[in-house]
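Residue numbers (our numbering), protein chains in the order written: chain A, 1 to 346; chain B, 347 to 692.
Among the hints, erroneous ones may be present.
Said to hold, decoys possible - Straight-line C-alpha distance at most 30 angstroms; calculated DSSO-like pairs for lysine-lysine:
| hint | chain 1 | residue 1 | chain 2 | residue 2 |
| --- | --- | --- | --- | --- |
| 1 | A | K57 | A | K71 |
| 2 | A | K300 | B | K541 |
| 3 | A | K288 | B | K646 |
| 4 | B | K504 | A | K195 |
| 5 | B | K646 | A | K195 |
| 6 | A | K154 | A | K288 |
| 7 | B | K634 | A | K158 |
Unchecked claim - So these bits of chain A aren't anywhere near chain B, every CB distance computed over 12 angstroms:
| hint | residue |
| --- | --- |
| 8 | G85 |
| 9 | H131 |
| 10 | R159 |
| 11 | P200 |
| 12 | E287 |
Unchecked claim - A short list of chain A residues far from chain B (calculated; beta carbon distances all over 10 angstroms):
| hint | residue |
| --- | --- |
| 13 | A31 |
| 14 | Q35 |
| 15 | R36 |
| 16 | M56 |
| 17 | N114 |
| 18 | A128 |
| 19 | R184 |
| 20 | R190 |
| 21 | Q193 |
| 22 | N204 |
| 23 | T216 |
| 24 | V249 |
| 25 | V273 |
| 26 | R281 |
| 27 | P315 |
Since the hints were derived computationally from the structure, they do not count as laboratory data.
Built from N, CA and C at the ideal position, the CB exists for glycine as well.
2 protein chains.
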Amino acid sequence: MSSNAETTRNKKIPVVAIAGATGAVGVELMACLEQRKFPLAELRLLASARSVGKKMKFRGNDVSVQELTDKSLEGVDIALFSAGGAQSKRFAPAAVKAGAVVVDNSSAFRMDPNTPLVVPEINSGELANHHGIIANPNCVAIVAATPLWPIHQKRRIKRIVMATYQAASGAGAAAMEELSESTRAYLEGRPFQPKVLPHPYAFNVFSHNTRVDPETGYNEEETKVMQECRKIFGVPDLRVSATCVRVPVLRAHCISLNIELEAPLSPAEAREVLSRAPGVRVVDDMEKNYFPMPVDASGKDDVLVGRIRTDVSDPTGCSLSLFVAGDQLRKGAALNAVQIAERLIR
Amino acid sequence: MSSNAETTRNKKIPVVAIAGATGAVGVELMACLEQRKFPLAELRLLASARSVGKKMKFRGNDVSVQELTDKSLEGVDIALFSAGGAQSKRFAPAAVKAGAVVVDNSSAFRMDPNTPLVVPEINSGELANHHGIIANPNCVAIVAATPLWPIHQKRRIKRIVMATYQAASGAGAAAMEELSESTRAYLEGRPFQPKVLPHPYAFNVFSHNTRVDPETGYNEEETKVMQECRKIFGVPDLRVSATCVRVPVLRAHCISLNIELEAPLSPAEAREVLSRAPGVRVVDDMEKNYFPMPVDASGKDDVLVGRIRTDVSDPTGCSLSLFVAGDQLRKGAALNAVQIAERLIR
Chain A
1 MSSNAETTRN KKIPVVAIAG ATGAVGVELM ACLEQRKFPL AELRLLASAR
51 SVGKKMKFRG NDVSVQELTD KSLEGVDIAL FSAGGAQSKR FAPAAVKAGA
101 VVVDNSSAFR MDPNTPLVVP EINSGELANH HGIIANPNCV AIVAATPLWP
151 IHQKRRIKRI VMATYQAASG AGAAAMEELS ESTRAYLEGR PFQPKVLPHP
201 YAFNVFSHNT RVDPETGYNE EETKVMQECR KIFGVPDLRV SATCVRVPVL
251 RAHCISLNIE LEAPLSPAEA REVLSRAPGV RVVDDMEKNY FPMPVDASGK
301 DDVLVGRIRT DVSDPTGCSL SLFVAGDQLR KGAALNAVQI AERLIR
Chain B
347 MSSNAETTRN KKIPVVAIAG ATGAVGVELM ACLEQRKFPL AELRLLASAR
397 SVGKKMKFRG NDVSVQELTD KSLEGVDIAL FSAGGAQSKR FAPAAVKAGA
447 VVVDNSSAFR MDPNTPLVVP EINSGELANH HGIIANPNCV AIVAATPLWP
497 IHQKRRIKRI VMATYQAASG AGAAAMEELS ESTRAYLEGR PFQPKVLPHP
547 YAFNVFSHNT RVDPETGYNE EETKVMQECR KIFGVPDLRV SATCVRVPVL
597 RAHCISLNIE LEAPLSPAEA REVLSRAPGV RVVDDMEKNY FPMPVDASGK
647 DDVLVGRIRT DVSDPTGCSL SLFVAGDQLR KGAALNAVQI AERLIR
């Protein structure tokens, strides 16, 4: 918000815009604003020209989608962007110029030193330092960082090794549709040609479909996760390695986490710390063999965490293993952005 | 084989029995014997009483299933057991007494110090030390150990951290059917009550359905994998930690592997070592984003290995990350057992 808007903000209920309103995250942003009773004077739904005129329900009313243009951002106080990196680069500065604060779900500004990268449970203090744009982190970074942060507060984390089980939703609504359709085709014995993702998705697992850096061997998703965890934690030399993999799940990510701490922390202590942490729910029933699962995380706000145990392969006893599940569209994207917006208007 | 059978073995073509012939691994054992032109005088198909009389095709002929009894094992030279731990404990000693060598796919004898635990590409020398029973390792242990062994020969592996993506087939043919049926129900909007596995399987991921040790927090599958890797490698103090997870895939397991070596090994060197290793195929095309996948591993003999890169979270440069995929029913079970049998008759 410009200083001008800043002065008026507390006097008026904000005008909120969603850029990319028709996408999977856009729809979830509307659901989060509605469910959380976000105070707003007007909700403006913005998208590309081909969605103009489409009607979407919000609080029982039809809202017509408008084209995302510089003009459509005039008068907006909070702009929630989820229209892809190119649209964010093009229109987020215009929104800021028009007096809005942008919460951007794309990767466009995440590693910009002038842009806070915020998970509210971790570093909402960074919000004070924004210059108009606040970046919403990568979904895996959010789902991993939310339960790791309270542990990090108790015993400093020195190293994180993670392997992900990522849902289709991270690649958008079309990828979710492709997973369903290709699975249906498989079960009916029909051929299916993938269009959205580069590999067959029905009953298959594949390495994340982002460019692989030939120098490091890490793909872009992994590099984002590693860099963003460091920035969110405010620990530039935090040692992180990620292996990002897609699994045939619709909308919740799981992550297997192995962490090395500066000193031992017993599983019971970790469980205790996590049970008091915001945004996290401990699901760790060894007797019933009940642990975090995508079916339980889907549509929920909390990141589920379980399988908490001392990693027996570290003779110092300073390592823990955990398994987490979090809704990619909610905490991994829309919910986190709305939580940021809530703090902006407090 | 008793010493008596031993002397006659080279003079005659062996009588082979499959105990548990009607299960998913049993069917695959028949396929491997047929495809590999395993020399045999007779194939005896043994199973529980309820399968007696069932006819199965082998080399174009119908073979009738007989009941697995002490008597049914008389005259058998090589008995391939895949009827579960209880049946192995009950009947494998009887088979040995009757003069057979048993290759046992269950976990019943794997950690018995008198029983070799063999992956032929790794420790076929152990076959000389058998006392009638040879154990076929756990599927994850085989799929992980086969590509790790050639690396271990080049640079000693000090630590293995793995997260698995395990297919339905490890829980048998009924679990594969449950995955298909529950997915079909999900897509058609019908309710489905899991019967074989404890959790919903359609578009879901869950921690492996074996008992969790309340002391260590590791489940039985993980404990098996960790113990068996040590025994197969002949390194009792090898540090291993496994997180075993089921994903909605039908018959090939994937594993994300992070390994710490005694000294650095470049990804190029690792690729070179693996490209010459038996039982392994390097699938590591960074430009095309083409890496090991269950759809490519299914029905294939080789364990696919890729995503070979230096783990950036280890500042010593001594750690590598890899991602592997192997057919759970073939190299993870039936093929490995038949490869053992092939070495026995050489």
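For each hint, the structure was consulted:
{"no.": "1", "hint": "A/K57 to A/K71", "verdict": "holds, 23 angstroms"}
{"no.": "2", "hint": "A/K300 to B/K541", "verdict": "holds, 26 angstroms"}
{"no.": "3", "hint": "A/K288 to B/K646", "verdict": "violated, 36 angstroms"}
{"no.": "4", "hint": "B/K504 to A/K195", "verdict": "violated, 43 angstroms"}
{"no.": "5", "hint": "B/K646 to A/K195", "verdict": "holds, 26 angstroms"}
{"no.": "6", "hint": "A/K154 to A/K288", "verdict": "holds, 28 angstroms"}
{"no.": "7", "hint": "B/K634 to A/K158", "verdict": "violated, 34 angstroms"}
{"no.": "8", "hint": "G85", "verdict": "holds, 19 angstroms"}
{"no.": "9", "hint": "H131", "verdict": "holds, 30 angstroms"}
{"no.": "10", "hint": "R159", "verdict": "violated, 5 angstroms"}
{"no.": "11", "hint": "P200", "verdict": "violated, 5 angstroms"}
{"no.": "12", "hint": "E287", "verdict": "violated, 7 angstroms"}
{"no.": "13", "hint": "A31", "verdict": "holds, 20 angstroms"}
{"no.": "14", "hint": "Q35", "verdict": "holds, 23 angstroms"}
{"no.": "15", "hint": "R36", "verdict": "holds, 27 angstroms"}
{"no.": "16", "hint": "M56", "verdict": "holds, 23 angstroms"}
{"no.": "17", "hint": "N114", "verdict": "holds, 26 angstroms"}
{"no.": "18", "hint": "A128", "verdict": "holds, 31 angstroms"}
{"no.": "19", "hint": "R184", "verdict": "violated, 5 angstroms"}
{"no.": "20", "hint": "R190", "verdict": "holds, 13 angstroms"}
{"no.": "21", "hint": "Q193", "verdict": "holds, 14 angstroms"}
{"no.": "22", "hint": "N204", "verdict": "violated, 5 angstroms"}
{"no.": "23", "hint": "T216", "verdict": "violated, 6 angstroms"}
{"no.": "24", "hint": "V249", "verdict": "violated, 5 angstroms"}
{"no.": "25", "hint": "V273", "verdict": "holds, 16 angstroms"}
{"no.": "26", "hint": "R281", "verdict": "holds, 16 angstroms"}
{"no.": "27", "hint": "P315", "verdict": "violated, 7 angstroms"}
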